[in-house]
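Trainee: Protein sequences appear in the order of chains R and G. Mapping of the first sequence onto the numbering used here: position 88 corresponds to residue 88, and the numbering continues sequentially without gaps. Mapping of the second sequence onto the numbering used here: position 219 corresponds to residue 219, and the numbering continues sequentially without gaps.
Hints are supplied without guarantee of correctness; some may be wrong.
As the list claims (entries may be wrong) - Not the full set, but computed from the structure, chain R residues with beta-carbon under 8 Å of chain G:
1) A6
2) R16
3) Q17
4) T82
5) P90
6) I91
7) K93
Claimed, not checked - Cut-off 27 Å, straight-line C-alpha distance, at most; resulting in silico cross-link-like pairs (BS3-like, lysine-lysine):
8) R:K244 / R:K93
9) R:K244 / G:K76
10) R:K246 / G:K218
11) R:K244 / G:K9
If you are wondering where the hints come from, they were derived from the structure by calculation, not from laboratory data. On a predicted model such as this, the values are computed, not experimentally measured, just so you know. We put the CB at the ideal spot given by N, CA and C, even for glycine.
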Amino acid sequence: MYHVRAIQATARRILRQLSHDHRTLALIFIVPLVLLSLLRWMFHDSIDAFNAVGPALLGVFPFALMFIVTSITTLRERVSGTMERLMTMPIGKFDFVFGYTLAFGLLAVIQALLASVLLLYVFGMPVAGPDWFLIMMALANALLGTSLGIFVSAFARTEFQAVQFMPAIVMPQLLIGGLFMPLDAMPNLLAAIAHFMPLTYAIEALNEIANHADITATAWRDFWIVVACGVAAVALGALTLRRKSK
Amino acid sequence: MIAMGIEAKGLRVEKAGKPVLDDVTFMVMSGVVTGLIGPSGAGKTTLMRAIVGVQMYQGELQVLGEMAGSASLRPKIGYVTQSPSVYDDLTVRQNLAYFATLLRASKTKIDEIITTVQLQKQAKQVVGSLSGGQRARVSLAVALLGDPELLVLDEPTVGLDPLLRQELWALFAELAARGKTLLISSHVMDEAERCDQLLLVRDGSLLWDKSRQELLAKTDTQTVEDAFLAMVTGGGK
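Extracted from the complex, chain G is given alone in its bound form (with noise of 0.2 Å):
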């Protein structure tokens, strides 16, 4: 089923005077995997605060037919920042017992997601003591843990091996075919290659926020890299 996820009309954010997003108007919709992509700076993690209801902004946005930042939407949002944001000092399923409590998830969940992130055999460990990788995924296993309509991740797969990227971007994938709305940002452009949608930036404006086969189609190109070089030079062939 495809449905609305995000829409922004003339959404804007400003911070110390400075536009950080200006003017930005998009659709993300729910069933697909769409990615956030361009340069750090760009204006990505500004955006994904606004969506899940942390920064404040001007303009219209509206998050699963709700206007974001409202506190019915919380139950609903599932949040990775870029740096991991879990506790150091608790273990792995500590960290994930505390943040079911809040997100009234049942204790089978906690096991379903370790499982999902690969992470049975550090459960009992601390997070502190953990690879950046493996924090990574404590803080992804957060997010899952409600079952959320609208997962919002900030470069989730940076840093991870191969293998396992591989199979984040399966589950994202079938996320997505559940009918989730996904939003995954990266700097990385291959990462685009994965997904169905993208929404490009660069220095707060929108480039381009349509199917990712569209972007190729117009620009002619072979890879979103060489695409997202073709719109910021001359906007396209």
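Looking at chain R on its own, in the form it has when it is part of the complex (with noise of 0.2 Å):
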């Protein structure tokens, strides 16, 4: 099948270019579990209050790294030309993105893997319910990230634009999800605006199993509207993708 072929080659071809580039797959790969384990230094004297924080942090960081990632090296094939071949040759809309989407949710994996077994297996981060679990909401996360620096990066003309996104859309959800503050504890208004974004719901999901024997409702409910939102943009990104420049 032709689409199926595109989007294999399409994912190939991303992935040898980054095996090119040793620089930024150790960056992908290692600031995650720096920051992490910086963290873990800071609460040295401190270890519950890491606890604490500890499984939000699984959700924010594979997000964050993932969405700046994916945006930068998105708007670089759109900057290069080689998007505007891409679109003259048979290749479809959905081949391109969903391409993209396996390249780099391959590398999200990868990522969320590691954070999740540093702070699991390596600081013994106690967690009430099943590891498994916390584990899928880090790659949900990782690849939720993933697919809206795919998006948005439609919405950038240049790489120095695309680096505002990670502030002015990455931020406002690690500032007001619930990693600092719970939800309950904010003004309703502000609670009702974080409402709808999607970094709520993983990180209410993470401090759900990290607190309950037993996979709770909530976190069900949470874990999927967080691959819905991923879906989303991977869909939207696709079809904000244009063949023809006005």
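Put the complex together from the two separate chains, hints included.
Mentor: So, in structure tokens, the structure goes:
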């Protein structure tokens, strides 16, 4: 089937490009581990406090890092002229976006796994619920960052603009998504706004699983919300792609 | 065999409210090399982008008997942009392998094309490490991969060494002789001497769309450059 081969070829091509770029690969995989280690060090004398925020961080780091890596790389393709060339070829818009999702999704999975293993098995962070759900949630978040990154790159003309999407789109979710303060302690309006942000549900699910022995209905609902947001962002990414310029 | 390659009637493209192409009408035949000649900023690239289906336009534009931009045209068109659009961080062969999959071209075709553009020695080199001329050849190689019916080349031989330029123009002539349609742009007038048919453009308008011989005869000049000047200053003698 042509579309399957086009998606595979595109994903393989992107991964090959990255394999020539050792520095980027090292940054993708190592930076979240270093950041988590720094935080663990900072909470050296109050491990309980670290264990309280640790699960939520597992949602935040893969999300933020995959978002920035994906949005810049996708934009580079648009700016370099290779995108225009592809748009004159038989490859479909969905083939192109799925190819990107597949390649960066794979990196996201590796990154989220590394961060999960560090927190759970190296630092021994205690989690009331099953480990696998926590890891699955970290994966879902990394994939959400990937798909949002692909989507927003459509609205940037330059790499400089794309970098600004990090503070514009990721930071608000970090700040009011429940990482620093529980939503019910916030002003009502702000909490309502936070409920329009996918990361809020990711943080909630991670905290749920850290504090409950079994997987609560809220945790499952939140997981599916995060997945649905990721799928919607990929679909919108493909639909906003334009073959013809005005 | 001579057939219709491209036909434009009242073609118009506006960007930011200003016409980039203004009521352009012409025909491009298959089986000959047609040069799209004009100073930079004349609208050459915009016209090429409309033909390959990545530029919106008004008016009529038929390509190989179908409306420009149709999905069914995509496997039949090879397009080379002015600045090489290939992946700098992949090797020559990896670039071609990717585009070959998209264009359903075979592995043997990749080797054949690498030989055509004389990059055998650089095949395993990363494109970013190549010279400007070599990168332009990789970009051209991608366009040749799918054995397209229509080749649209935006300044493909600018900056290449004379010997290679000679060989590429011989290749273009050979492709035309096999019945392909070739539209090749240049702002360098001496490249126009190698074309059978000419489209002369200036400020979004068409000055000429017939054979080079007729142009020289009409303007009573020896070179396309002089003919162009004659057309611009007096509309010919």
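Trainee: Are the hints correct? Go through all of them and say.
Mentor: These are the hints, each one checked on the structure:
| no. | hint | result |
| --- | --- | --- |
| 1 | A6 | holds, 6 Å |
| 2 | R16 | holds, 6 Å |
| 3 | Q17 | holds, 5 Å |
| 4 | T82 | holds, 5 Å |
| 5 | P90 | holds, 5 Å |
| 6 | I91 | holds, 5 Å |
| 7 | K93 | violated, 11 Å |
| 8 | R:K244 / R:K93 | holds, 12 Å |
| 9 | R:K244 / G:K76 | holds, 18 Å |
| 10 | R:K246 / G:K218 | violated, 37 Å |
| 11 | R:K244 / G:K9 | holds, 20 Å |
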